[in-house]
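Please put together the full structure from these sequences, using the hints given.
There are 2 protein chains.
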Amino acid sequence: MLLVHKYGGTSVGSLERIENVASRVSKAREEGHDLVVVVSAMSGETNKLIEYAHHFTPNPAKQEMDMLLSSGERVTAALLSIALQAKGHDAVAMTGRQAGIVTDTSHTYARIETIDPTAMQNAIKQGKIVIVAGFQGVNKEGNVTTLGRGGSDLSAVAIAGALSADACEIYSDVDGIYTTDPRIEPKAKKLDIISYDEMLEMASLGAKVLQNRSVELAKKLNIKLYAKSSFSDNNGTLITKESANMEEVLVSGVVLDKNQARVTLRNVSDKPGIAAEIFTKLAKENINVDMIIQNVGIDGATHLGFTVAQNELERAKKVIESFDHDIKGMDFDENICKVSVVGVGMRSHAGVAAQAFSTLASSNINIEMIATSEIKVSMVINEKYGELATRMLHEAYGLDN
Amino acid sequence: MLLVHKYGGTSVGSLERIENVASRVSKAREEGHDLVVVVSAMSGETNKLIEYAHHFTPNPAKQEMDMLLSSGERVTAALLSIALQAKGHDAVAMTGRQAGIVTDTSHTYARIETIDPTAMQNAIKQGKIVIVAGFQGVNKEGNVTTLGRGGSDLSAVAIAGALSADACEIYSDVDGIYTTDPRIEPKAKKLDIISYDEMLEMASLGAKVLQNRSVELAKKLNIKLYAKSSFSDNNGTLITKESANMEEVLVSGVVLDKNQARVTLRNVSDKPGIAAEIFTKLAKENINVDMIIQNVGIDGATHLGFTVAQNELERAKKVIESFDHDIKGMDFDENICKVSVVGVGMRSHAGVAAQAFSTLASSNINIEMIATSEIKVSMVINEKYGELATRMLHEAYGLDN
Numbered sequence: 007m008l009l010v011h012k013y014g015g016t017s018v019g020s021l022e023r024i025e026n027v028a029s030r031v032s033k034a035r036e037e038g039h040d041l042v043v044v045v046s047a048m049s050g051e052t053n054k055l056i057e058y059a060h061h062f063t064p065n066p067a068k069q070e071m072d073m074l075l076s077s078g079e080r081v082t083a084a085l086l087s088i089a090l091q092a093k094g095h096d097a098v099a100m101t102g103r104q105a106g107i108v109t110d111t112s113h114t115y116a117r118i119e120t121i122d123p124t125a126m127q128n129a130i131k132q133g134k135i136v137i138v139a140g141f142q143g144v145n146k147e148g149n150v151t152t153l154g155r156g157g158s159d160l161s162a163v164a165i166a167g168a169l170s171a172d173a174c175e176i177y178s179d180v181d182g183i184y185t186t187d188p189r190i191e192p193k194a195k196k197l198d199i200i201s202y203d204e205m206l207e208m209a210s211l212g213a214k215v216l217q218n219r220s221v222e223l224a225k226k227l228n229i230k231l232y233a234k235s236s237f238s239d240n241n242g243t244l245i246t247k248e249s250a251n252m253e254e255v256l257v258s259g260v261v262l263d264k265n266q267a268r269v270t271l272r273n274v275s276d277k278p279g280i281a282a283e284i285f286t287k288l289a290k291e292n293i294n295v296d297m298i299i300q301n302v303g304i305d306g307a308t309h310l311g312f313t314v315a316q317n318e319l320e321r322a323k324k325v326i327e328s329f330d331h332d333i334k335g336m337d338f339d340e341n342i343c344k345v346s347v348v349g350v351g352m353r354s355h356a357g358v359a360a361q362a363f364s365t366l367a368s369s370n371i372n373i374e375m376i377a378t379s380e381i382k383v384s385m386v387i388n389e390k391y392g393e394l395a396t397r398m399l400h401e402a403y404g405l406d407n
Numbered sequence: 007m008l009l010v011h012k013y014g015g016t017s018v019g020s021l022e023r024i025e026n027v028a029s030r031v032s033k034a035r036e037e038g039h040d041l042v043v044v045v046s047a048m049s050g051e052t053n054k055l056i057e058y059a060h061h062f063t064p065n066p067a068k069q070e071m072d073m074l075l076s077s078g079e080r081v082t083a084a085l086l087s088i089a090l091q092a093k094g095h096d097a098v099a100m101t102g103r104q105a106g107i108v109t110d111t112s113h114t115y116a117r118i119e120t121i122d123p124t125a126m127q128n129a130i131k132q133g134k135i136v137i138v139a140g141f142q143g144v145n146k147e148g149n150v151t152t153l154g155r156g157g158s159d160l161s162a163v164a165i166a167g168a169l170s171a172d173a174c175e176i177y178s179d180v181d182g183i184y185t186t187d188p189r190i191e192p193k194a195k196k197l198d199i200i201s202y203d204e205m206l207e208m209a210s211l212g213a214k215v216l217q218n219r220s221v222e223l224a225k226k227l228n229i230k231l232y233a234k235s236s237f238s239d240n241n242g243t244l245i246t247k248e249s250a251n252m253e254e255v256l257v258s259g260v261v262l263d264k265n266q267a268r269v270t271l272r273n274v275s276d277k278p279g280i281a282a283e284i285f286t287k288l289a290k291e292n293i294n295v296d297m298i299i300q301n302v303g304i305d306g307a308t309h310l311g312f313t314v315a316q317n318e319l320e321r322a323k324k325v326i327e328s329f330d331h332d333i334k335g336m337d338f339d340e341n342i343c344k345v346s347v348v349g350v351g352m353r354s355h356a357g358v359a360a361q362a363f364s365t366l367a368s369s370n371i372n373i374e375m376i377a378t379s380e381i382k383v384s385m386v387i388n389e390k391y392g393e394l395a396t397r398m399l400h401e402a403y404g405l406d407n
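Keeping their order, the protein sequence lines are chains D and Y.
The end of the first sequence is residue 407 by the numbering used here, with every number in the run present.
The end of the second sequence is residue 407 by the numbering used here, with every number in the run present.
Simulated from the structure, these hints should not be mistaken for lab results.
In this list, chains with the same sequence are indistinguishable; a pair is considered to hold if it fits within one copy or across any two.
Heads up, simulated DSSO-like pairs for lysine-lysine below, C-alpha to C-alpha not over 30 angstroms straight-line:
#1 146 <-> 68
#2 146 <-> 134
#3 277 <-> 290
#4 134 <-> 290
#5 390 <-> 264
#6 68 <-> 54
#7 290 <-> 146
#8 230 <-> 33
#9 54 <-> 33
#10 264 <-> 214
#11 323 <-> 334
#12 134 <-> 54
#13 334 <-> 264
#14 323 <-> 290
None of the values given here were measured: they were computed from a predicted structure.
Here is the structure:
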């Protein structure tokens with residue numbers, strides 16, 4: 007089989023851990039597999055480099071940041087290749103550019119446009135284990151680009167697609183996807199299998215095991231994705247396309263996201279297009295708006311509420327302030343969280359949302375915002391009830407058993 | 007003027023020092039100069055990465071080492087560009103590849119083959135300060151290469167040549183070239199000017215201010231080279247082509263090199279070509295042989311003596327051991343040093359060598375090997391007399407005044 011492995015920052019966080027990864031890759035090799043291994047920067051490195059840049063300015067140029075931040079993955083790739091060679095394997099380290107990864111020009115948040123897998127294929131044909139520096143590519147002008155946080159997952163999935171790999175295994179310090187965060191609910195259970203769509207909802211809702219864009223891409227390319235731990239031999243969780251028996255499970259997981267802040271714009275003038283203008287401008291600044299609620303105010307003007315990631319609130323404030331000629335007032339609330347239940351079973355079962363609401367009501371937890379999709383129900387509540395709500399929902403949907 | 011600056015590892019050894027470099031570059035910019043700035047890795051970084059690699063194997067693959075080691079300069083380049091932008095300048099950081107530096111394929115010791123200066127020229131035309139990661143290029147297969155120790159000096163000089171720059175200023179933690187090492191002889195004086203050839207002899211003899219290959223290239227391209235300190239506003243030393251008035255000075259400097267080891271091969275069979283074979287094989291392993299002396303032994307066989315850098319002795323031993331069917335015995339001596347006097351004035355003045363020998367003889371220092379060129383006299387002596395010999399020669403040639 008041709009396998010793509012990806013090892014995250016914690017898995018390669020020290021020389022001993024890189025040695026450990028080399029042993030794992032070595033074992034897979036000795037089982038007869040062809041291998042491409044994508045690596046992240048050693049844990050802490052990327053943040054260190056960001057701090058370095060922020061020593062000079064809070065807003066360093068993105069092209070410079072990409073040259074800066076892409077260096078960490080190159081170090082890991084070279085070291086892992088050296089470690090494998092020391093074990094007697096033929097290995098070669100490649101940068102994103104050398105692996106043929108061409109992106110658009112959006113520095114620090116580039117999208118992969120094409121992958122020319124020739125160099126990787128040639129190396130594999132020569133019997134080499136290919137090590138690729140994750141998180142990076144090169145744009146048409148020849149400048150290094152990076153793919154945003156968690157971008158090494160995306161590198162791995164895109165490479166798996168370009169090589170028609172049999173599977174893409176994402177290694178981190180957790181051994182799979184759980185029904186909820188075990189630190190909140192010790193009864194949380196590891197899932198053996200989950201659908202792309204469920205995983206997407208789990209990821210975007212705050213489960214940090216897999217980067218969202220990488221799951222989207224795996225779904226699009228129908229790549230078998232495994233979430234595994236580099237510190238154990240557990241099976242991990244397979245993320246794959248939906249199958250009939252998945253629907254027998256009503257709810258697969260409960261996710262708590264505390265990195266949420268709510269923005270409420272009071273009495274937004276009811277001129278058409280104001281909301282569109284606000285959200286367009288937020289999108290241009292790469293601020294992801296999550297839930298949106300619109301109410302009619304007392305004088306006929308509109309109240310507009312939405313949530314953004316807490317760490318993007320300051321930037322969102324700035325964008326909104328440039329619109330204040332059309333807005334009568336605004337509130338910002340960081341003391342909220344979002345708890346969500348996710349499951350493809352919802353498609354064929356009624357009453358899942360109602361059960362969620364009544365579960366929270368039974369403990370007098372006020373639901374401030376609600377958003378639903380075919381396979382999830384999300385509720386914004388006061389932050390202090392987040393863990394309690396998560397545990398109650400986990401029990402209510404029978405995930406404790 | 008178009009100036010190329012180069013800042014070494016100590017000059018960019020911390021964020022504060024990068025800030026300091028940004029101020030210096032900024033000042034040169036405000037004086038109206040166009041600028042290309044070549045940077046090394048922050049001091050300690052390259053050694054740290056080498057240690058990392060040696061954690062896995064004493065002999066890591068050179069291609070991997072190049073990917074590993076080239077990352078340090080990229081970090082500095084990006085950070086300096088960010089620091090300059092924070093000061094309101096338009097700056098752009100480039101890797102060796104982006105700066106158009108194409109090398110041969112000798113990983114870890116590549117030679118620059120061509121520089122396509124288009125990207126740098128375009129950036130300069132747009133009013134940008136160009137920051138280039140030193141020490142690195144890319145070979146024709148698209149793999150990153152590095153230029154060997156001190157390679158950033160070479161990057162700077164080669165770029166100065168490709169851009170027809172008016173001068174190339176090499177900044178380090180010393181403010182120029184001295185008549186001898188001031189730690190050995192406090193009366194040592196900074197030279198205002200020195201010829202390329204003198205500098206070449208000084209550099210290859212162990213003066214560590216400028217990398218030898220970079221001086222050779224500066225000579226070939228006739229580039230005005232300045233050795234300056236990034237920690238002072240002193241004038242530094244200009245390294246330039248020889249002029250008539252330079253010859254008025256008999257000796258420009260005295261250099262002590264303690265990184266020397268002597269190899270003596272006893273009774274080498276007098277078959278023609280044995281010596282050639284030994285030195286060819288040493289050269290192939292990139293072991294630089296410095297002084298060579300051949301004597302006839304008692305039985306008509308040849309004694310062959312030569313010196314190598316102390317840190318290359320182990321590798322040299324291995325090479326020589328593969329020849330021992332033709333060699334009756336060998337000695338290795340690390341307790342030697344080489345002291346040399348350098349000066350273009352020797353060309354037109356007789357007796358310089360004789361004065362050196364008699365100076366050492368006056369203190370009963372035995373000279374074990376002698377090598378001379380048109381502009382230098384080198385003597386191998388017992389290591390313990392190194393500093394004494396240096397001071398005596400410094401005084402004998404009137405450099406104390």
